[in-house]
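The primary structure of each chain is shown beneath.
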Amino acid sequence: RAQEALQDERILLTFVPNIQFSPFYLGIQDGHFAEHGFNVTLEHLQEPEVLDLVAAGHADFGIVSGEQVILARAQARDVVYVFEWFQKYPVGLVVQGHNGSGISEISELRDRKVGIPGRFGASYSGLTALLHSAGMTESDIELTEIGFHAPDVFCSKVVSAAVVYINNEPLQILNRSLAGECSDLGMPDVFPVAEQVDLVSNGLIVHSDMLERETEKVQNMVSALGQALKSAIENPARAYLVSLEYVEALPNEVEYVEALQQLSMEQEAFLDTQPSREDIAQSRLDMRGQLGQMFDFDMLEQFDVLLNSIDLWDAEVLGFSELGSWESMLATLELLEFLDGSEVDLTASFTNVFIMGSSE
Amino acid sequence: MKLSLRDISVDFRGANGGRLAALGPISLDVAEGEFVCIVGPSGCGKSTLIRVVAGLQAPTTGIVEADGESISRPSSATAIMFQDANLMPWRSVQDNIALPLELAGVPKAARYATVAELLPQLHLEDFAGAYPAELSGGMAQRVALGRVIVQHPRLLLLDEPFGALDALTREKLSLELLQVWRGSGQTVVMVTHNINEAVLLADRVIVMSSRPGRTVADISIDLPRPRRVEQLFCEAFLILAREVRSAIEKEAA
Amino acid sequence: MKLSLRDISVDFRGANGGRLAALGPISLDVAEGEFVCIVGPSGCGKSTLIRVVAGLQAPTTGIVEADGESISRPSSATAIMFQDANLMPWRSVQDNIALPLELAGVPKAARYATVAELLPQLHLEDFAGAYPAELSGGMAQRVALGRVIVQHPRLLLLDEPFGALDALTREKLSLELLQVWRGSGQTVVMVTHNINEAVLLADRVIVMSSRPGRTVADISIDLPRPRRVEQLFCEAFLILAREVRSAIEKEAA
Amino acid sequence: MLLLLLVWQLITAFGLVSAFLLPPPAQVLDAFVEAVSSGLLARHTLTTLEEMFFGLLLGVSIGLSLGYLIAKAPLLEFILSPIIVAFQSTPIVAYAPLLIIWLGSGVESKIVTTAVIVFFPMLVNTIAGIRAVPPQLQDLMHSLNARPWQSFRHLELPSALPVILAGLRTSATLAVIGAVVGEFVSSGSGLGHLVTLARNLYDTPLVFVSVFTMTFIALSLYGAVALLEWRLLAWRRRSSAS
Amino acid sequence: MLLLLLVWQLITAFGLVSAFLLPPPAQVLDAFVEAVSSGLLARHTLTTLEEMFFGLLLGVSIGLSLGYLIAKAPLLEFILSPIIVAFQSTPIVAYAPLLIIWLGSGVESKIVTTAVIVFFPMLVNTIAGIRAVPPQLQDLMHSLNARPWQSFRHLELPSALPVILAGLRTSATLAVIGAVVGEFVSSGSGLGHLVTLARNLYDTPLVFVSVFTMTFIALSLYGAVALLEWRLLAWRRRSSAS
Ligand SMILES: Nc1ncnc2c1ncn2[C@@H]1O[C@H](COP(=O)(O)OP(=O)(O)OP(=O)(O)O)[C@@H](O)[C@H]1O
Ligand SMILES: Nc1ncnc2c1ncn2[C@@H]1O[C@H](COP(=O)(O)OP(=O)(O)OP(=O)(O)O)[C@@H](O)[C@H]1O
Ligand SMILES: [Mg+2]
Ligand SMILES: [Mg+2]
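Chains as they are written, first to last, in my numbering: chain E, 3 to 362; chain F, 9 to 261; chain L, 9 to 261; chain B, 13 to 254; chain A, 13 to 254.
Treat the hints as calculated values from the structure; they're not laboratory data.
Each hint should be verified, as a subset may be incorrect.
As the list claims (entries may be wrong) - Lysine to aspartate or glutamate pairs mimicking DMTMM-like chemistry, simulated, CA-CA at most 20 Å apart: (1) 180(L) / 257(F); (2) 180(L) / 259(F); (3) 84(B) / 241(A); (4) 180(F) / 259(L); (5) 180(F) / 257(L); (6) 258(F) / 179(L); (7) 258(F) / 238(L); (8) 84(A) / 241(B); (9) 159(E) / 120(B); (10) 10(L) / 211(L); (11) 219(E) / 11(E); (12) 258(L) / 179(F); (13) 115(E) / 120(B); (14) 258(L) / 238(F).
Generate coordinates for the entire structure from the input sequences, incorporating the hints supplied.
Right under this line is the structure:
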C-alpha cells in the first residue's frame, strides 16, 4: 500500500492543536494514515464550521461531538458518524471540595451558581443529562455562562461548580490547588456525566454520500484512525513525544524528553510481549509513577491530560458507538427542546460497519 | 483676450430662503489688451462678476464670451486673484507662488528660479520659506499676487489686489503691475475700492450700482501712458477722479 | 483706558529657523479717551502691536500697562477687531455679532434686539440670517465691526477695520464710529493704510518704520471736532496729511 | 439593497452555495416571522440594545472628554497613548476571564466591551478635530475672555464637529460588534448569544435573522448619526451651495 | 508605562489577583525569553504581521478610494452606505464558514478580516476630510485648471490629511484585532492562535506574552502613524507656535 501514491486528505479538528489530538499526530508520524493511502493534514476550526464544511463537501473528514451530528442532521446536513473516538463522555461537573461548599451529591447543587461555557455544545447536553439523572432541571440551579474559562472563574470562587471536560480542567484546578493558587478551595471533586448516563461523544464524521461512493476510503480512514488511537493508548510516552512537533508550548525540557524516550522504548518492548488491556492500563500508571518521581506536577500536567484522555478513549473495541448512547443523547436534546420537533433517524446518524470491517 | 458679457445676472438663495439678486443684469465689453477697473459699493456683486468671468460661477442668465467663445469653465488663459489671499496653509510662500507652475508641469528648478526672481519685487525675499500663518495680511496678499503673475495669463482678473497694503507699497506694486501689463498685451479686469487707483491704472472705469450691481457709469480714462505717480496731482486726473466719485455718489444718493 | 507701552519688542521664529525681529522696540503712551491711528508699511508689525496690547501676544521684551496695571491676558474692557473678519462659519450674521453678548450671559431676546438695532447701521439688515460664506468681503468685515461695537469696550483695538470697504461706505462707517467714540470716552487704537482716514479720525497719528517697526513720527492732529467729510478738503487737513505722507516716504527712502 | 437581495435570491435559486450555508431569502423570512412572533428576537435585541446604549454612552463620553484633554495637553498624549493603544489592541478574549470574574456574564461586561471598542475612534477623532480648530478663532474667544467651557461650547465643539461626527459614525457602527463580541465570550442573552445558539443548533436561517437584526441596528444608528450631522452641519450645506 | 509595571508588580506581589489571572512580571518575562529563544514568538508574530500588512494595504486603499468617491458623489453614499455598514457591523463568526470555504484557513481569510475592520474608519474619515476641503481653495484649483488627480494630490489630500491620519490611527490599532479575530476563527499560526493555544494549556504567562506582542505591534504602528503625522503636518506646528 505504502508504495502507491498517497491521497491528500484533510481532517478537520476543533479547538487548537492539543495533546488530546495526539492519536492524529501519531497517525501521521508513525504512518498509520500513510499505510492506508492517506497523506493527512490537520486543520482546527470551531465545531459548527467543521460540521458545515464536511456537510458542504468541502472536506471529507471531521471530528465533532455526537450531539452535533443529531442537531445538524435535524437541519438538513447529511453527515454520518462512523467512528466513536471518545468512548466515555468527556464532560463532567467540577465542584468545590471539602473546604469549599462541600458538595457531595448533584442534588446539593440546588440554587447554587454553576458555570458553563455557554448554553450549547457537549457541555450543555452533558449538564442537562447529569441534572436529569438527579431529577433536576436547569431551573433548579443558577446557571451562568463563563466561556471556556472554568479554572479561572472556579478558583476565583465566582461559581460553586463548573461544567468542564473532565480530562483537562479538573487537573488544572487541582494543580492550582496544589500550588496554593486556587483560593482556599482545597481539592475539587468531579462528577463525570459518564458515570450517570452513557452519551455519544466525539467521533469521526463523513458526508453520507461518501458511504456509498467512497466506501473504501471511509473504511481506510476508520482503520487508520483506529490503529493510531490504539497506539496512543498503548504508548502515551510516544504519543507525547510525537505531539511535541504539533503542539507548540508543550513542556519539552531535555531531561523530560530523554526520560520519555526511555520510557517509550521500554513500553515498546513491553508491548512486544502481547500484554492484555488491563496490563497496558497498569503500565500507564507505572509510567506516570516513574515520571512523578523525576518531575513535578506542573511539568507533567499535559502528560496527565493525555493519560486522562486515554481513560476516556480506551475500550475493548475502539470506535464502536452504542445505539443506547445515541438514544440517551437524543433524549437529552429533546429535553432541551433543541430539535424543534423534527424527527431524527438515529440509525442513519451513525454506523459501526467500518469498525467491524477494521477489526478483521 | 476680448471679453463680452451680455445681460449677465446672478441670483443666490437668500438667507431667508428667497431669491437674492446679487448681480446684474449687466453687459460689458472689454477689448483685447484693455485695462478695466470696476468700482462699486460693498456687496454689489463685483466679486461675483469676476467669478463669472473666471468661469467659477455660472450666471443665472446671460452669456459670457471670451474671444467669441462662451465661457463655461475656467480657462488656462485666465488667471484670477481672489479677494482674500486664499493661500494653502501647508505650502510655504515659494510653493504657494509656484503652485500654478507645478500644475503646469514646470520642473522644480525652473519653478524656484522663477519664484526667486519674483520675490524681491514683492518685497518677500526674506520669506520664501515662511508659511502663510507666519505672514502679515499684506504679505499674504502679495504672495497671492505673485501666484497670478507667474501664470502669464491673457486675461487677468484681480479682486482688490492691493486692499491689504499700505499706501506706498500699494502705489509701487500697482505701477509695477502696470508696467508688466503694458509689455504683455494682457487684458485686465480689476476690482478696487480706491478711486485714485482706478483712475491711475485703468483705460476705463466701470462704476456699479448697489446690489444687484449694474453699470451706472463707464468712464474712459484717456490719460497718457506710461502712468506715473506724479499724474495723481495733475488737473486731468483730478477731473476724472471727481467724475468717478460723483458717479458713485449719485448712485448712492 | 490709559495705555503705556515701554520698549516693547516681539521676535518670531523666522522661516529659516533664525530669529525674526517683527516689532520694536517701541514705546507709546495713549491717554484715556484718545483716538490714535497707526500707519506703517506692510509687515512692519502693526498687527503684532495690536495683538500685544490686546494681551493675545506676549512681547519678547518690554511692558504694556493699561491704567497702570501690566497686561498679560485679554481684558474684558478691551475689544479687538482683527485684520481679517474672523467670523465663525457656523454662525449666522446675527449670531456672529451677538457672540460677545452670548458669552457675557445676555439673554437671547436682549441679544437679538441689540443686533437688530445695529444691523441697519452696518447696512446688513437683509442679512441677519446669512452665513459668513454667503457674504461679500466687505459685508464680512462689517459683521466683524458689529461684533466689536456690541462689546462697548473701554479700549477699542481696530486692525484695518475698513480695508475691504468701498470709499463711500468706508467714510460713512468711519464717521459713524467717530460719533460713537465721542460719546463713550473710549480709547481707540486703529491701524489703517489710508492716510486721509488716519488724519480725519485721529487725535494722533503714529507712523511706524518698516520691520521691525518703531515710531518714526508722532503727529498730533489738532483739527476741530466733530470731524466731517468736508474737512478732507480744508487747508489744515491737507497740510497734516502731507506731513504724515512725507514721514512715511522719508522712512521708506 | 434590492440588487443585493436579487443576487442572493439567484445564488440560492441556482444552488451555487449549499442552502445550509446561505439559506434562500424565503427561508430567512420564515425564520424571521417565527422569531418575531415568539418574542425571541425582541428579547435578545433588547439586551443587545441595552448593552450598546450604555456602552456607547460610556465609550463616547470618555472618548470625547479624554480626547479633549489630550488635544489640549500634548504631554498627556505622550503619557496616555501607550496605555490607550494597549487597551484598544488587546483582543477581548485575552482579558475575558477577568471580565467575567469582575463583572459577571450579564450586561455589565458587554457594556465594557462595547465602550472599549467605541471609545477609540471617538478619542482619536476628537483629538484631530480639536487640534484643527483655527488659531485665529481661538484668539477671538480668548480676546472675548471666554471661559474654557464657553470656548468648548461655542468654538471647539462646533469647529471639530465634522471630525467628531465622523468618529461617531465609526463608533456607532462598531458598537454592535462590541456588544456582540462581548456576548460571544459569555452570555445568556443578546443577539450575539442568539447567533452562537443558532450556529450551534445549525439553524442557519436564525443566524441570518440575528445578523440582519444587528445590521439593522447598525444601520439605524449610522442613519441617526448621519441625520444628526445633516442637522448640525446645515451651515456647511449653505456655504458650499453656490 | 513604568508606573504601570510597578502597579502590576505590586498587585502580584501582594497577591491581590491570583497569579493565574495576572502572573507576576518575572514569570511573564521568563515566558517571553523562552518564547523568543525557541523561535515560537517570532514565527507567530510574522504570520500576524503578514496578515496585518496586507490587510491594512487592502483596507486602507479601498477605504481611501471609496471614501474619496463617496465624498465627491453624495448619491453614491446613499446607495453604498447600507451595504458598507452591513459589512462592517456583521460579526465575523456569522460568515466564518463562507470565509473558510472561499479563502481557506490560511492568511488570506485573515487578510480579509483585517481589511474589513480597517477599512471603515479610513472610509468615514476620508469622507469627512474631503468634504471639509475649503471651497475657496477648490475654486483656486479649479481656476488653475487642475486635473482631478492634481486637485487630489495638491489640495484634497493635504487638506484632508489631519482627518485621514486620525482614521489611520484608528485603523492601524484595529488592524491587530482584525488579524487576531480572524485567527480565533480558524488558523494554525499567528498571535491570535498562540493566545488560544496558551489559553488551552492554561499557560497564562504565554497568553500575556502574546498579548504584549500584539500591543507592541499596535503601539509601533500607532507610533509610525504619529510620526508620519508629525512629519506631514509640520506646517501646522509652524503655524500655531506663536
Ligand atoms: N455663495 C453665496 N451664497 C449666497 N449669497 C452670496 C454668495 N456669494 C455672494 N453672495 C451675495 O451676493 C452679493 C454680492 O456679493 P459679492 O461678493 O459679489 O460683492 P462684492 O461687490 O464683491 O462686495 P465687496 O466689495 O464687499 O467684496 C452679496 O449680497 C452677497 O451676500
Ligand atoms: N505667527 C507668526 N510667526 C512668525 N512670524 C510672524 C507671525 N506673525 C507675524 N509674523 C511676522 O511679523 C512681522 C510683522 O507682522 P504683522 O502682521 O504685525 O505686520 P503688519 O504691520 O500688520 O503688516 P500688514 O500691514 O501687512 O498687515 C511680519 O514680518 C510677519 O512675517
Ligand atoms: Mg468682493
Ligand atoms: Mg496687519
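How the hints compare with the structure:
With a C-alpha separation of about 12 Å, the suggested pairing of residue 180(L) with residue 257(F) holds against the 20 Å cut-off. Straight-line distance between C-alpha atoms of residue 180(L) and residue 259(F) comes to about 15 Å, which keeps the hinted pair within the 20 Å bound. Straight-line distance between C-alpha atoms of residue 84(B) and residue 241(A) comes to about 17 Å, which keeps the hinted pair within the 20 Å bound. This hinted pair checks out: residue 180(F) and residue 259(L) have alpha carbons roughly 15 Å apart, not beyond 20 Å.
Proximity of residue 180(F) to residue 257(L) is assessed by CA-CA distance (about 12 Å); at most 20 Å being required, the pair is judged to hold. Among the hinted pairs, residue 258(F) with residue 179(L) is consistent with the structure: their alpha-carbon atoms are about 16 Å apart, no more than 20 Å. Among the hinted pairs, residue 258(F) with residue 238(L) is consistent with the structure: their alpha-carbon atoms are about 17 Å apart, no more than 20 Å. Our distance criterion of 20 Å between C-alpha atoms is met by residue 84(A) and residue 241(B), whose separation comes to about 17 Å.
Simply put, residue 159(E) and residue 120(B) have alpha-carbon atoms about 19 Å apart, close enough for the 20 Å limit, and the pair holds. Restraint check for residue 10(L) and residue 211(L): satisfied, since their Cα atoms lie roughly 14 Å apart, inside the 20 Å limit. Annotation: proposed proximity of residue 219(E) to residue 11(E) holds, straight-line Cα distance about 10 Å (limit 20 Å). At roughly 16 Å between alpha-carbon atoms, residue 258(L) and residue 179(F) fall within 20 Å of each other, so this suggested pair holds.
Distance restraint check for residue 115(E) and residue 120(B): the Cα-Cα separation of roughly 18 Å lies within the 20 Å cut-off, and the hinted pair is therefore satisfied. Restraint check: the Cα-Cα separation between residue 258(L) and residue 238(F) comes to about 17 Å, which is no more than 20 Å; the hinted pair holds.
Comparing the model with each earlier hint shows no violations; every hint is respected.
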